[in-house]
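I would like the entire structure built from these sequences, with the hints used as guidance.
Protein chains: 4
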Amino acid sequence: MQVYVHRVHYYETDKMGCVHHSNHIRWMEEARVAFLEELGVSFRTMEARGIYSPVVGVECRYRHPAYFDEEIQILVRISSFETLRLKIAYEMTRVSDGELIATGSSEHCFTDLTGRPIALKKTHPDIDAVLRAQLPLSCSDAQCAPQCSSAQNKK
Amino acid sequence: MQVYVHRVHYYETDKMGCVHHSNHIRWMEEARVAFLEELGVSFRTMEARGIYSPVVGVECRYRHPAYFDEEIQILVRISSFETLRLKIAYEMTRVSDGELIATGSSEHCFTDLTGRPIALKKTHPDIDAVLRAQLPLSCSDAQCAPQCSSAQNKK
Amino acid sequence: MQVYVHRVHYYETDKMGCVHHSNHIRWMEEARVAFLEELGVSFRTMEARGIYSPVVGVECRYRHPAYFDEEIQILVRISSFETLRLKIAYEMTRVSDGELIATGSSEHCFTDLTGRPIALKKTHPDIDAVLRAQLPLSCSDAQCAPQCSSAQNKK
Amino acid sequence: MQVYVHRVHYYETDKMGCVHHSNHIRWMEEARVAFLEELGVSFRTMEARGIYSPVVGVECRYRHPAYFDEEIQILVRISSFETLRLKIAYEMTRVSDGELIATGSSEHCFTDLTGRPIALKKTHPDIDAVLRAQLPLSCSDAQCAPQCSSAQNKK
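Residue numbers (the numbering used here), protein chains in the order written: chain P, 131 to 285; chain B, 131 to 285; chain G, 131 to 285; chain C, 131 to 285.
Warning: the hint list may mix true and false statements.
Note: identical chains are not told apart, hence a pair may lie in one copy or across any two.
[As the list claims (entries may be wrong)] Calculated cross-link-like contacts (lysine-lysine; reagent style DSSO-like; alpha-carbon spacing at most 27 Å):
| id | residue 1 | residue 2 |
| --- | --- | --- |
| 1 | 145 | 252 |
| 2 | 217 | 251 |
| 3 | 252 | 217 |
These aren't lab readings, by the way, just hints derived from the structure by calculation.
This is how it looks when you write it as structure tokens:
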């Protein structure tokens, strides 16, 4: 799990006074980029090795508005990884008081640079292994537990 | 049901060569704005009458990439409307060949301008009635039927 | 000269209540795309023929705020075209009352798909001719005159 | 002068493979926000004291493309401040090799929260003084000199 912090930009607000809901989808991407980089399988690495990971689905639940200049912490974790589908979950909280701003998820497949689906397990087993190692197996781990249970509640 | 057409802008593409997935969330809003205006309950009308309808959730499934300059037709319909929740469904297809680009949904609550939740049925029964009349009751209607069934397939 | 109309989206507003100033730069691109298409030298045509036209400079002066749902008309014209530089000018007015919202300009060079600068006159003389024909030569023309003079005032 | 670093997001790229030019305008705002905060006259402080500072003009020159995941350093400085106009200059360079990506400027007026222009000197002399103290008076200063001269070259 990785923590990414995004500070809300003025241009991300809308006339309602808070962040427009399309930006949370972008924050999820920012956090995912940082997360995968920390794992050693960054977008750049993957593209250099001939892999794209298009988004095949996103979902976001908005709990509290986020406001200009607030720092939003985004927790990222892999929630499932089947042969052709990677699912990543996000939890966005306001740094100042821990308020839950939003939860979300994104689903990804993997393709070669021409867009043909690939199974990482066959084509890039090392990357497959890195991602698989992030699956929430160690939920008995004390620090992980709260996330796991909150993740279960989400379903 | 209303049909809204969005032409893909250059600035909506990303380095993968097609539309970045965050833009579909914005297109859903564009189509929703046009849909509600056609019903006579536009954002402007609602805000003038003291109503905000914040997004409490969004979800989008991406079927095919959309490319620069393509015209994307967005079908909008109300899929459910309970006391405090309005759910709207979207179907995005490429105009040139009818290819399904994405399906999505958004959920909304209603608040006064200070952010307090309101039940339209009590505070603005006329607006409540307009929205309620859009619920997919008349699925025996010939023109509606294909949409309804495609909506059922989605679930 | 071509007229392009952009309707202001909710997501283009910011917490000040009106359109965020970065969007006018995007509207200029939208209008430029439509303008070049009308001339028969669309982005798609140019890219298909191996030409990119990167933006090397932009400039925008904001006269009046634009608000959600307003229709903004954007006049586009080529203001200068030297061997390696194309300069395009924009005038954005509110459709409802003709209020001038903003004026802007963009400068472009031309490159091949690898990013090397090219002189259209040599590589694609037909496209060069189409653009050159748009230069404001016929300023004695009655309809053009107001634009020309307003353009001069801008300087 | 303040240094702000922006890391290029995937969603900021376009199909040409590099950052879309509208984003540099947003980066200038990000850097301006950080700069004014460091001076103790943040957007939030100003708005809390009844001041908006709308953008009345922007300008940007693009020297080299910026690519996904690159760190871009943005130098900000006040280039002029007359009674009703504040002009801020920006220099964007790639952190990895110091390559100049773009230079830009923005012009601002000040208004009260209803949009009426105000002269900070009269209404908020303390804020006026803070901004005025940033004017490039000390150009004999060794560290400042290169910026000043590069700024002069820009004109």
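Against the structure, the hints come out as follows:
no.: 1; hint: 145 to 252; in the structure: between (49 Å within a copy, 26 Å between copies)
no.: 2; hint: 217 to 251; in the structure: within (16 Å within a copy, 39 Å between copies)
no.: 3; hint: 252 to 217; in the structure: within (19 Å within a copy, 41 Å between copies)
Against the hints set out earlier in the document, no violation occurs for any number.
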